[in-house]
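Sequences and hints are given; from them, build the entire structure.
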Amino acid sequence: TQLLEQSPQFLSIQEGENLTVYCNSSSVFSSLQWYRQEPGEGPVLLVTVVTGGEVKKLKRLTFQFGDARKDSSLHITAAQPGDTGLYLCAGAVAGFQKLVFGTGTRLLVSP
Amino acid sequence: DAGVIQSPRHEVTEMGQEVTLRCKPISGHDYLFWYRQTMMRGLELLIYFNNNVPIDDSGMPEDRFSAKMPNASFSTLKIQPSEPRDSAVYFCASSLRRPDNEQFFGPGTRLTVL
Chain A
1 TQLLEQSPQF LSIQEGENLT VYCNSSSVFS SLQWYRQEPG EGPVLLVTVV TGGEVKKLKR
61 LTFQFGDARK DSSLHITAAQ PGDTGLYLCA GAVAGFQKLV FGTGTRLLVS P
Chain B
1 DAGVIQSPRH EVTEMGQEVT LRCKPISGHD YLFWYRQTMM RGLELLIYFN NNVPIDDSGM
61 PEDRFSAKMP NASFSTLKIQ PSEPRDSAVY FCASSLRRPD NEQFFGPGTR LTVL
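Going down the list, the sequences are from chains A and B.
Heads up, the final residue of the first sequence is numbered 111 in my numbering, and it's a clean run with no missing numbers.
Heads up, the final residue of the second sequence is numbered 114 in my numbering, and it's a clean run with no missing numbers.
Since the hints were derived computationally from the structure, they do not count as laboratory data.
You can take every hint at face value.
These stretches of chain A come out as covered by chain B in the derived footprint (C-beta under 8 Å, 3 or more residues):
| # | region |
| --- | --- |
| 1 | 29-37 |
| 2 | 43-49 |
One-sided and incomplete, this derived list gives chain A residues near chain B with beta-carbon spacing under 10 Å:
| # | residue |
| --- | --- |
| 3 | 88 |
| 4 | 96 |
| 5 | 97 |
| 6 | 98 |
| 7 | 99 |
| 8 | 100 |
| 9 | 101 |
| 10 | 102 |
| 11 | 103 |
| 12 | 104 |
Label-pair ranges, simulated between beta-carbon atoms:
| # | chain 1 | residue 1 | chain 2 | residue 2 | range |
| --- | --- | --- | --- | --- | --- |
| 13 | B | 14 | A | 106 | 27 to 37 Å |
| 14 | A | 75 | B | 41 | 25 to 35 Å |
| 15 | A | 3 | B | 98 | 12 to 22 Å |
| 16 | A | 10 | B | 85 | 21 to 31 Å |
| 17 | B | 15 | A | 57 | 46 to 56 Å |
| 18 | B | 84 | A | 106 | 19 to 29 Å |
| 19 | A | 52 | B | 16 | 43 to 53 Å |
A quick note: this is a predicted structure, and the numbers were derived from the prediction, not measured.
We put the CB at the ideal spot given by N, CA and C, even for glycine.
Structural data, given as structure tokens:
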């Protein structure tokens with residue numbers, strides 16, 4: 001059972017455009033992480049959000065945790081080709097004692 | 001620190017052969033995870049260890065898959081016999097203190113079973 005659904009699955013945009021990726025679930029998470037995976041490499045952590053309603057910024061990336069801690073979003077401003085990759089959200093569900101990874105959003109930013 | 005080390009990076013084998021994937025976690029990390037990634041199914045957790053003890057192997061697809069962690073610095077994932085549907089990228093990851101803390105991934109092993 002996939003607990004975390006991400007949308008869109010694929011996104012192809014031009015350099016300079018803005019975009020938002022969504023991560024949704026019916027489960028409540030104690031924390032949620034966002035990873036980026038580049039081709040031929042393993043995922044790398046971008047950010048962890050813990051508090052409902054929390055907003056974190058990492059340069060042009062803005063991460064938000066839903067008030068009910070069931071969803072999250074990643075907004076990229078003025079996307080660059082270096083942002084290309086697979087974006088994965090991962091939730092820590094109380095009682096599961098492990099991370100549950102989302103379905104992933106594959107982003108391609110063309111020059 | 002060298003990060004999580006996996007070997008081999010690429011493995012091509014024929015159906016029915018035994019395949020062994022290897023992982024060295026980050027020194028001091030007490031959790032080790034094995035994942036499988038495919039386009040169709042995404043990133044799936046196969047098994048994870050805490051202090052070398054298997055905690056959750058519910059993601060292991062079937063008896064053909066086995067994993068061991070003989071010491072804190074080494075783990076193996078074995079497939080015997082391998083099948084074409086096992087073709088995927090296999091990742092090892094490690095974390096510190098909690099299984100839901102930040103996970104540090106290795107570069108992966110791309111397995112192709114012909």
